[in-house]
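J.: Which chain is which? The protein sequence lines are A and B, in order.
Straight run, no breaks: the first sequence in the numbering used here ends on number 322.
Straight run, no breaks: the second sequence in the numbering used here ends on number 322.
By construction, these hints were calculated from the structure, which means they are not laboratory data.
Idealized CB from N, CA, C, for every residue including glycine.
A hint or two may mislead.
Said to hold, decoys possible - Derived CB-CB ranges, DEER-like:
#	chain 1	residue 1	chain 2	residue 2	range
1	B	Val300	A	Ser90	34 to 44 Å
2	B	Glu179	A	Thr154	30 to 40 Å
3	A	Lys170	B	Ser303	21 to 31 Å
4	A	Gln110	B	Arg93	16 to 26 Å
5	A	Arg85	B	His152	41 to 51 Å
6	A	Glu84	B	Gly112	49 to 59 Å
7	B	Lys170	A	Ser90	39 to 49 Å
8	A	Ser90	B	Glu179	33 to 43 Å
9	A	Gln168	B	Glu179	23 to 33 Å
10	A	Glu84	B	Cys282	24 to 34 Å
11	A	Pro148	B	Gly69	24 to 34 Å
12	A	Glu67	B	Ala139	39 to 49 Å
13	A	Thr155	B	Lys221	52 to 62 Å
Said to hold, decoys possible - If you want the footprint, here are the derived chain A segments under chain B, 3+ residues with CB under 8 Å:
#	segment
14	176-187
15	218-225
To be verified - Some but not every residue of chain A turned toward chain B, in silico, with C-beta under 7 Å:
#	residue
16	Gln97
17	Gln110
18	His113
19	Ser114
20	Thr116
21	Asp129
22	Thr154
2 protein chains.
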Amino acid sequence: MSNSPNVLALSGGVGGAKLALGLSLSLPVSALSIVANTADDFLHLGLPISPDLDTVMYTLAGLNNREQGWGLAGESWHCMTAVERLGGPSWFRLGDQDIATHLMRLNGLQQGHSLTQVTENLCQQLDVDHQLLPMCDEAVRTYVQCAPDNHHDTTYELPFQSYFVEQQCKPAVTGFRFEGIERAVISPAVASAIENADIMVVCPSNPFVSIAPILGVPGLKQRVLDNISTRVVVSPIVGGIAIKGPAAKMMAELDMPRTPLAVAEYYQGFASHFVLDTCDECFVDDILALDMQVLVTNTVMNSLEDRKELADTILRWIQASG
Amino acid sequence: MSNSPNVLALSGGVGGAKLALGLSLSLPVSALSIVANTADDFLHLGLPISPDLDTVMYTLAGLNNREQGWGLAGESWHCMTAVERLGGPSWFRLGDQDIATHLMRLNGLQQGHSLTQVTENLCQQLDVDHQLLPMCDEAVRTYVQCAPDNHHDTTYELPFQSYFVEQQCKPAVTGFRFEGIERAVISPAVASAIENADIMVVCPSNPFVSIAPILGVPGLKQRVLDNISTRVVVSPIVGGIAIKGPAAKMMAELDMPRTPLAVAEYYQGFASHFVLDTCDECFVDDILALDMQVLVTNTVMNSLEDRKELADTILRWIQASG
Numbered sequence: 001m002s003n004s005p006n007v008l009a010l011s012g013g014v015g016g017a018k019l020a021l022g023l024s025l026s027l028p029v030s031a032l033s034i035v036a037n038t039a040d041d042f043l044h045l046g047l048p049i050s051p052d053l054d055t056v057m058y059t060l061a062g063l064n065n066r067e068q069g070w071g072l073a074g075e076s077w078h079c080m081t082a083v084e085r086l087g088g089p090s091w092f093r094l095g096d097q098d099i100a101t102h103l104m105r106l107n108g109l110q111q112g113h114s115l116t117q118v119t120e121n122l123c124q125q126l127d128v129d130h131q132l133l134p135m136c137d138e139a140v141r142t143y144v145q146c147a148p149d150n151h152h153d154t155t156y157e158l159p160f161q162s163y164f165v166e167q168q169c170k171p172a173v174t175g176f177r178f179e180g181i182e183r184a185v186i187s188p189a190v191a192s193a194i195e196n197a198d199i200m201v202v203c204p205s206n207p208f209v210s211i212a213p214i215l216g217v218p219g220l221k222q223r224v225l226d227n228i229s230t231r232v233v234v235s236p237i238v239g240g241i242a243i244k245g246p247a248a249k250m251m252a253e254l255d256m257p258r259t260p261l262a263v264a265e266y267y268q269g270f271a272s273h274f275v276l277d278t279c280d281e282c283f284v285d286d287i288l289a290l291d292m293q294v295l296v297t298n299t300v301m302n303s304l305e306d307r308k309e310l311a312d313t314i315l316r317w318i319q320a321s322g
Numbered sequence: 001m002s003n004s005p006n007v008l009a010l011s012g013g014v015g016g017a018k019l020a021l022g023l024s025l026s027l028p029v030s031a032l033s034i035v036a037n038t039a040d041d042f043l044h045l046g047l048p049i050s051p052d053l054d055t056v057m058y059t060l061a062g063l064n065n066r067e068q069g070w071g072l073a074g075e076s077w078h079c080m081t082a083v084e085r086l087g088g089p090s091w092f093r094l095g096d097q098d099i100a101t102h103l104m105r106l107n108g109l110q111q112g113h114s115l116t117q118v119t120e121n122l123c124q125q126l127d128v129d130h131q132l133l134p135m136c137d138e139a140v141r142t143y144v145q146c147a148p149d150n151h152h153d154t155t156y157e158l159p160f161q162s163y164f165v166e167q168q169c170k171p172a173v174t175g176f177r178f179e180g181i182e183r184a185v186i187s188p189a190v191a192s193a194i195e196n197a198d199i200m201v202v203c204p205s206n207p208f209v210s211i212a213p214i215l216g217v218p219g220l221k222q223r224v225l226d227n228i229s230t231r232v233v234v235s236p237i238v239g240g241i242a243i244k245g246p247a248a249k250m251m252a253e254l255d256m257p258r259t260p261l262a263v264a265e266y267y268q269g270f271a272s273h274f275v276l277d278t279c280d281e282c283f284v285d286d287i288l289a290l291d292m293q294v295l296v297t298n299t300v301m302n303s304l305e306d307r308k309e310l311a312d313t314i315l316r317w318i319q320a321s322g
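The following block holds chain A by itself, in its conformation from the complex (with noise of 0.2 Å):
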């Protein structure tokens, strides 16, 4: 492994994108590849929305709205105020200049280009030069399985983003689908990418939801097996509670622990190496015992330098022990 190895980061959205901005500000362009969900893709209001792909791609644009968590910093709402006297949806809160991401994207799909190939040249004008790209080409949809409630008798499923946005993640989980993974195929540029990782971080993602998607595509994650000895887990969990999203008051719905160890053993035969919180350490003992190695440090981002830090960290720790 040369001083500057290869990593290809496994992300979903604001969590994830925060380690996957650490990432960049690390490693040379060459050496970052970033494979984002899309499993969470929809079509709203006919616009092919890809909201963790955009959130990685604005918060490596330095574009991205800290303090709302999402979308873009500066943003207006011009738009969706007319829809809203059109009668049309407001749960989903489209900003204008976001609609402008959703309308190139449309109009590249439109023109025959690939979400891979429409996702480089959104990246390409944004100054974004460490190479983004969605798990896959083809159109793959989370169904979230709520348990009964006073509205259903049996157990049902929501589209992810009526379960995550409209619903505000309220239904109790009991399982998911991805509707259309067997589909999916692995692109010439993930395939690329994994070929040439020297490392693989899955970074502080929803296990459920935006990792298992992306190492669902049919021999997506026997590839990463093959071929990158060194497969990093960074716990979402963090003393109890998910930092960003549902993935703890999901764990708890899935009758597992809210822990990293419920975390580390959800990856075991996958993860070779597990980065947990300092305030997690109690758990290190049980971990090791999973047969990963483990790195004890502080993984909650808020700054840009922790960002960068965490990412560094990792890196040194990679190297130290390869």
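Here the structure of chain A is known, so what remains is to put chain B in place on it, guided by the hints.
T.: Then chain B, alone, in the frame of chain A:
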């Protein structure tokens, strides 16, 4: 004919929309249907744009930008700015609020609704009570045939919006082609509007690119001739110029005099009544000789009162002469 005759108006964009608005101020909801040209519709950034339909709709809703002459009043341009940042086209300006209309249309069409249904829904949301109909539900696309110039050795074609907006009507016109017109079908709503109409009013719109496509829908012109005996054309040419748009420039390039008489000759055999401006009174006898009844009045609509006054004057004249 009752005191409130049923009127079918044909309209292009801005110029026609003025009289359409005037008619809507003069006639009860049940007594007016407006059929708008859709041959200058096009896909832009993946959005289905219907410029004439939207101009009439916004005008009837009182939301149009009167200073600019197109689009919505109080419009903002944040999305367009972002599209430009992403390397997208900027020659056709879409306002943030206007984009909402196109998104609702995109979404409606994707869900299998017809353009007629989508337009009805949009009008309902904007409290446009009078019936506004696209000329057909099928895609018809105007191509402007242009004379050879410094960049072209032979005649060439431009899609209408490229000619109209991007090239600002600069190329010299030799003819027009309405792609897909042979597959267009008279919609049930247009058929019903023709059947119920006592009077047809051709608003002061471009004869070549606004009215010709409407009358070019297979069977439509004949159905009008068979069903509506009073067919009024309001001259879009006043004092040798077009109040709005390239009609006069086109007439010169097509070797037609830029006069209301030439317009009347163009509609000979179709128009039974012709309305021209006071400043063009000299043409009355020649137009009478074309076997048309002629009304000379002020046709320049600057104020809202002008719009209603012209509509009232035409309707009073028809009823008096009928």
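J.: Could you work out which earlier hints the structure fails to respect and list their numbers in ascending sequence?
T.: 2, 3, 6, 9, 10, 11, 14, 15, 18, 19, 20, 21 and 22
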